[in-house]
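Below are the chains, spelled out letter by letter.
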Amino acid sequence: MKRAEVPALAAHGLEKKYGQVRALRGVSFEAYPGEVTALVGDNGAGKSTLVKCLAGAIRPDCGRIMVKGRPVSMTGPVQATKHGIETVYQDLALASDLDAAANVFLGREIRRLRVLHDHKEMRRRTAASFAELGVGLVQDMRVPVSSFSGGQRQSVAIARAAMWAKHVIIMDEPTAALGVIQTEKVLQLVDRVRSRGLAVVFISHNLPQVIEVADRIEVMRLGARTARFRRGEVDVERLIAAVSGAYSNEADVPNGEVTA
Amino acid sequence: MSTIVPTGVDKVSTADEEVKTSVGGRRFSFDVRESGIYVAFLLIVALFFFLTDGALLEPQNISNIVVQNSYILILAIGMILIIIAGHIDLSVGSVVAVSGAIAAVLMVNHNVPWPLALAITLACGALIGAWQGFWVAYFGIPAFIVTLAGMLVFRALTLMVLGNQGIGPFPDPVRTLSNGFTPSYLGNVGLGSLGGADLFSILLAAVAVLGIVVTQWRTRAARISYQQQVDVLPMFLAKILGASAAVVFVVIQLARFKNLPWVLILLAVLVLGYSMLTGRSVFGRHIYAVGGNRQAAQLSGVDVRRVTFWIFVNMGILASLAGVIFAGRLNQAGPTAGNSFELDAIAAAFIGGAAVQGGVGKVVGAIVGGLIMGVINNGMSLIGAPSEKVMFVKGAVLLAAVAFDVWAKRRGESASN
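Chains as they are written, first to last, in the working numbering: chain A, 22 to 281; chain B, 2 to 418.
Hints listed in this document are in silico derivations from the structure and should not be mistaken for laboratory results. Just to be clear, a hint being listed does not mean it is correct.
[As the list claims (entries may be wrong)] Mimicking SDA-like on lysine to any residue, the simulated pairs with C-alpha atoms at most 25 Å apart in a straight line are:
| id | chain 1 | residue 1 | chain 2 | residue 2 |
| --- | --- | --- | --- | --- |
| 1 | B | K240 | A | V164 |
| 2 | A | K141 | B | P143 |
| 3 | B | K240 | A | K89 |
| 4 | A | K141 | B | R219 |
| 5 | B | K410 | A | R163 |
| 6 | A | K103 | B | K240 |
| 7 | B | K410 | A | K103 |
| 8 | A | K141 | B | I225 |
| 9 | A | K141 | B | V314 |
| 10 | A | K141 | B | F284 |
| 11 | A | K89 | B | G302 |
[What the hints assert, rightly or not] Covered, in the sense of this in silico footprint (three residues per stretch, anywhere, with C-beta under 8 Å from a C-beta of chain A), are these stretches of chain B:
| id | stretch |
| --- | --- |
| 12 | 278-284 |
| 13 | 289-300 |
[To be verified] Among chain B residues calculated to face chain A with C-beta under 10 Å, some are:
| id | residue |
| --- | --- |
| 14 | A120 |
| 15 | A223 |
| 16 | G360 |
| 17 | V361 |
For glycine and all other residues, C-beta sits at the position ideal for the given N, C-alpha and C.
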């Protein structure tokens with residue numbers, strides 16, 4: 022698994038305790054540019070805690086997070102975006118009464134005369150970026166996103182992340198709430214984002230989907246990384262085995278005690 | 002993805018079927034949600050016009066409606082911002098009272114020059130807003146509780162300052178602001194059978210009409226350039242014509258009476274300014290974002306607490322402005338001033354299309370909502386209805402307006418699924 026390339030995003034030995042519960046027990050993680058890295062694990066494996074650490078939403082008790090090989094310290098989601106990490110949250114972090122362009126530029130508005138927003142320019146750039154990513158919503162630039170379908174909203178959220186991310190996009194279950202066709206569209210979008218050279222971190226419970234889209238898969242169990250696979254190295258059965266703890270190919274496997 | 006099929010003046014993409022149907026269905030109901038308020042206003046005005054045999058739209062009565070409702074409308078502007086952000090302010094009536102008391106003590110008891118006294122009063126309003134904004138934004142207490150406490154505390158402070166009596170009379174300039182009219186700058190012009198009317202007022206109306214036409218036309222042109230659905234041209238022209246006719250009619254009636262009330266000018270400035278704030282400024286956009294999805298706003302880097310804090314400061318300033326105007330109109334600051342004003346302001350905002358869960362609303366909507374209540378009040382008192390009937394009707398209108406909004410929203414949502 023060693024290679025010369027520097028990971029776009031790496032975590033090393035992250036620990037996080039909530040009271041007596043050790044949510045993260047020295048977990049490590051890497052995501053490389055131009056690759057989709059899937060993060061899988063059962064409920065309570067520590068995926069969301071890890072993702073929140075990577076997205077700057079919570080601070081790990083100890084361990085290091087590195088962007089392009091440089092250690093970074095993140096005190097909030099805004100810091101993470103400054104380091105080039107964008108996160109697409111599971112619960113669709115869009116302001117539903119604003120239109121797509123307003124959402125894309127929310128908190129980062131283009132300004133005129135310091136206090137006014139230049140909505141025309143924001144809409145133009147959003148339209149250009151959506152067209153480039155193949156998100157077909159250009160004609161609806163003035164409608165609040167609350168009138169969009171779930172898939173369309175997810176596309177807006179991903180396109181927003183893709184517009185701003187310099188290095189990494191983290192997607193927390195981006196297709197969990199979507200139908201078949203919408204899921205397919207979102208996965209195509211994920212593909213295009215990857216081909217722009219960004220590192221995509223993809224969290225999903227859907228193991229066949231993970232095998233389909235991921236270039237690499239990292240498996241978490243009990244707050245640590247227990248297995249890693251490259252594309253084509255694994256089938257659904259083995260992945261299930263890894264998730265359930267019956268299989269591992271990592272040295273730092275925790276011994277299975279749960280301190281809860 | 003860029004196949005554009007012209008269908009009349011409306012253009013929609015056919016590449017993404019779900020876009021076409023969902024947004025098409027939504028747009029219609031959205032339109033109903035937005036223009037329903039204006040239609041309702043027209044109907045209510047028409048109803049009382051007939052019930053009062055035209056007395057409702059007599060020059061003096063129009064002037065009365067504006068002057069009697071000015072302070073509620075000023076409160077409604079502040080309230081709509083708070084409601085858009087997903088909060089509520091129950092204290093504004095008490096802030097009106099305490100501000101009137103502060104202004105009276107300064108101007109009447111201590112002979113402080115009125116501009117300075119006004120400035121100090123507004124600063125006190127800002128402080129009151131900052132106090133409540135602090136507890137809501139930085140301490141995390143629901144606005145309902147903080148402002149309920151404020152309602153009691155500021156009423157109590159008013160009583161402490163005033164004892165059980167009013168303070169007055171106010172200096173003339175303050176009374177003029179509340180009750181007075183613009184002087185005749187350019188003299189009168191004859192309007193045939195309507196008699197003489199003030200030329201300056203009529204010129205102002207012409208400017209307002211020009212403003213309406215230009216902004217509406219530009220908005221429409223922009224929507225067309227983005228292939229957005231717009232009203233067909235005759236409908237669009239009818240709407241512009243209707244709005245312009247209403248403005249011209251009201252101003253001519255006022256110009257035939259005693260010219261424009263100063264509070265109307267003040268309101269016009271406030272409405273323009275706050276529409277600009279909500280529609281075009283970054284801060285305004287953040288208010289909508291906070292109300293629409295607080296978590297999303299926060300994760301996007303919007304300083305949610307700062308936004309919340311400042312809309313309460315703003316509410317405090319507007320409430321104390323309303324307090325001075327109300328006291329000036331009665332020519333004394335009384336201990337019961339502003340009783341239940343908060344309910345009128347909140348009702349105005351909700352009748353005017355604010356959504357109960359936040360994120361939606363417009364300054365102009367709140368103004369129209371306030372005017373609907375004002376016209377009901379005024380029209381019913383003209384026909385001699387007792388106050389309990391007025392209250393009953395206002396309650397029914399409020400419930401109907403919000404029920405309609407919820408229904409239209411639900412219909413819009415089911416159309417998009």
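(message) Next pair to validate is K141 of chain A with V314 of chain B; report whether the Cα-Cα distance is within 25 Å.
(response) Violated, at roughly 30 Å.
(request) Hold the hint about A223 of chain B up to the distance rule: shortest CB distance to chain A must be less than 10 Å. (result) 8 Å, holds
(request) Verify the proposed pairing of K240 of chain B with V164 of chain A, using a straight-line Cα cut of 25 Å. (result) It holds: about 21 Å lies between the C-alpha atoms, which stays within 25 Å.
(message) Does the closest beta carbon of chain A sit nearer than 10 Å to the beta carbon of G360 of chain B?
(response) 4 Å, holds
(message) K89 of chain A and G302 of chain B were given as a pair; does the straight-line alpha-carbon distance stay at or below 25 Å?
(response) With a Cα-Cα distance of about 23 Å, the restraint between K89 of chain A and G302 of chain B holds, given a limit of 25 Å.
(request) Check whether three or more residues of the stretch 278-284 of chain B sit with their beta carbon closer than 8 Å to a beta carbon of chain A. (result) With 4 residues in contact (Cβ-Cβ under 8 Å with chain A), the coverage given for the stretch 278-284 of chain B holds.
(request) Closer than 8 Å, Cβ to Cβ, for at least three residues: run that test on the stretch 289-300 of chain B against chain A and report holds or violated. (result) holds (count 10)
(request) Closer than 10 Å between Cβ atoms is the bar; does A120 of chain B clear it against chain A? Give me holds or violated. (result) The hint is violated - A120 of chain B has no Cβ within 10 Å of chain A, the shortest such distance being about 23 Å.
(message) Would the hint linking K141 of chain A and I225 of chain B be met if the CA-CA limit is 25 Å?
(response) 14 Å, holds
(message) Hint check: K141 of chain A vs R219 of chain B, CA-CA at most 25 Å. Holds or violated?
(response) Holds: K141 of chain A and R219 of chain B sit about 13 Å apart, inside 25 Å.
(message) Against the 25 Å threshold, does the CA-CA distance of K410 of chain B and K103 of chain A hold or violate the hint?
(response) 37 Å, violated
(message) For a C-alpha distance cap of 25 Å, please report whether K410 of chain B and R163 of chain A respect it.
(response) 18 Å, holds
Hints 2, 3, 6, 7, 9, 14, counting from the list given before, are not met by this structure.
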